[in-house]
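Generate coordinates for the entire structure from the input sequences, incorporating the hints supplied.
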Amino acid sequence: MKEIVIKASGVHKTYNETKVPVHALRGVDLEIEKGEFTAIVGPSGSGKSTLLNIIGGLDRPSEGKIEVGGKDISTLSDNQLIDFRRENIGFVFQAYNLIPVLTAKENVSFVMELQNRSKTEVDNRVKELLDAVGLGDRGDNRPAELSGGQQQRVAVARALAPKPTFILADEPTANLDSTSTANLLDIMARLNKEENITFVFSTHDRRVVDRARRVITLVDGKIQTDEHFKR
Amino acid sequence: MFSIFKMAFRNIWRNKRRTLITATSIMFAVFFAVAMQSLQKGAWDNMVSSVINYYFGYAQVHKKGYWEEQSINKAFAVNDEITNTKKSPIEEYIPRIESFALASSGPRTKGTLVIGVDPELENSLTDLKEKLIKGTYFEASDKAVVIAEGLADYLKVDLRDTLILVSQGYRGVNAVGKYAVKGMVKFPSGELNNQMLYLPLAAAQQFYGAEELVTTLVLKTDQPKAIKQTVANLRHELDTNKYEIMDWEEMIPDLVQARELDEFGSTIVLWILYLIIGFGIFGTLLMMVKERSYEFGVLTAIGMPRWKQSLIVWLEIIFIGIIGAIAGMILATPLVLYFKNNPIQLPQEMAEAYEKFGVEPIIPMAFDPKIFLLQAFVILGMVTLMALYPMIKISLLNPIKAMRE
Ligand SMILES: Nc1ncnc2c1ncn2[C@@H]1O[C@H](COP(=O)(O)OP(=O)(O)O)[C@@H](O)[C@H]1O
Ligand SMILES: [Mg+2]
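One line per chain: the protein sequences are A and B, in this order.
Counting from 1, one number per residue, gives the positions in the first sequence under the numbering used here.
Counting from 1, one number per residue, gives the positions in the second sequence under the numbering used here.
One should not assume that every hint holds.
To be verified - The calculated DMTMM-like cross-link candidates involving lysine to aspartate or glutamate, where the alpha carbons are at most 20 Å apart (straight line), are:
hint : chain 1 : residue 1 : chain 2 : residue 2
1    : B       : Lys393    : A       : Asp59
2    : B       : Lys86     : B       : Asp262
3    : B       : Lys308    : A       : Glu145
4    : B       : Lys6      : A       : Glu113
5    : B       : Lys63     : B       : Asp247
6    : B       : Lys16     : A       : Glu145
7    : B       : Lys6      : A       : Glu36
8    : B       : Lys63     : B       : Glu92
9    : B       : Lys401    : A       : Asp78
10   : A       : Lys193    : A       : Asp78
These are calculated hints, taken from the structure and not from any lab test.
Since the structure is predicted, the reported quantities are computational estimates derived from the model, not experimental observations.
Put into structure tokens, the structure is as follows:
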């Protein structure tokens, strides 16, 4: 039985901010199932970030529809979208994901606390995840005291903490060296299996693409190929 | 909720220098404002209490229309209706019979204010006895005068000399009398010093042909701050068709107006001061929001409601405001207390001008918690108002744009 968590139908995005309109997405149809570990690849400017932002409710399509867990999110107001993101989506950005004044632990627990989860639940989950990303002993460090790779691991832990419907990661390894990249991918792949949480990430790094079980290639705002791999 | 306070508190120390500069500027503003207002209030309170204690008292009862006409024909008897109202906070009604008379001695004649007073009661209000420079104070049964020094000089009279007083008495009777000088008083105020002549009440009533009558009852109270209420109550109890009850503000409106004008001036100075400080705080806010817009983008993206983000910024700026305001108050307290207990002595020329009006030539500072609280409220209000800016910024923030820098 397949469970569709994300469904994009006929999504177009045109930026009209500049004199010449930019067609970033030109008709994207996409279904993502629960538990997938999917990479969105494509050259720079092909529309990867735009697609992730629209799926994540950070931006709205110019045309088309996005359904998350069967729910059409285009009808939600800005503030409803904030609540929706908090309850349903985990985000990992390219860099500077973390709140500088909070420790690693506090960053991981942040979204759960916004959701008013009980303290014991939060504490257990934070410990479990920091151990899982190999930073069990760095919980009391602030982001500035962590390396770039460590910060991205904390960001992954934060995204996973509330067990969201899916996790979106826009070029999470773009600022990392190859060791840290491999390490982060290992962690993401393992947690994807262990917790059966859907991951969608964008990248143009070959080494990252090779880890994905599904690879969607975007070219000029259109899906060019959509391949599945057994890994 | 806890994490909001935690974040706000830690954010404050993110840029220690800026926080300290902002808090320090608030501290100096509050310090200056408190010092200025305490000094002003102290000066005026001193002025008012001098004028009140000198002559007027906090309130007076007259026959209706007396204050306007100042005529001896508006004298009245102190009956039960009035004495029955003498209860706390009214300690005493101090009787006076006042009118003008010509005083002469030998070839010299001068218009004087001849006041009949109860020697002991009058002294309890105005310390008349303390002002004696020659002779002795009169007693209730005496038929002798206590004369102001300037007037005595003019008439060239000394102790035990005789004065002849001529006036129009109650209801037009001829008032004539001969009185020995028993004591001489000196008033700092030139005006009083040149025209005051005191008689014991009974002698004055006889002189004016107004047995048992008075023109003025000065109200002595142990709660001067509640004088408005006391007067209002009295107006209720006494027949206001027969009597007029006036508080000191109604009797000396010029002084009240001068004070209001002065306070208005300093209010403007304070507004300007706060405006300058306000710009400083606003600059801090601008920088706080600008350098953290990426962070607000992340917070909005991962689902922190915008009002919670605004609350953090508001808490931060309010906290800086409170630190500054408290520091300013702490700094001002010893200064105000010192000058309350050791008033500033005015230099010679200014002192003379003050004394002319019967005001002690000092400026004490008033220690009034209201002045302190007012500053706290002004800062709090100002900071809250300014926190609207980051709130608006945050409410309009587009997370994608904010994170694209
Ligand atoms: N806010 C925007 N305004 C105008 N053009 C934009 C904006 N964001 C992205 N674009 C354009 O849309 C296209 C797709 O961008 P993007 O989704 O960031 O691609 P990718 O992430 O694959 O590099 C690019 O041509 C980019 O210049
Ligand atoms: Mg991109």
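Each hint, compared with the structure:
1. B:Lys393 - A:Asp59: With a Cα-Cα distance of about 18 Å, the restraint between Lys393 (chain B) and Asp59 (chain A) holds, given a limit of 20 Å.
2. B:Lys86 - B:Asp262: Measuring from Cα to Cα gives roughly 36 Å; hence the hint is violated.
3. B:Lys308 - A:Glu145: Distance ~27 Å between Lys308 (chain B) and Glu145 (chain A) Cα, so the pair is violated.
4. B:Lys6 - A:Glu113: Roughly 13 Å between the alpha carbons, so the hint for Lys6 (chain B) and Glu113 (chain A) holds.
5. B:Lys63 - B:Asp247: holds (14 Å)
6. B:Lys16 - A:Glu145: holds (19 Å)
7. B:Lys6 - A:Glu36: violated (37 Å)
8. B:Lys63 - B:Glu92: Between Lys63 (chain B) and Glu92 (chain B) the Cα gap is close to 18 Å, so the pair holds against 20 Å.
9. B:Lys401 - A:Asp78: At roughly 15 Å apart (the allowed maximum being 20 Å), Asp78 (chain A) and Lys401 (chain B) satisfy the hint.
10. A:Lys193 - A:Asp78: violated (33 Å)
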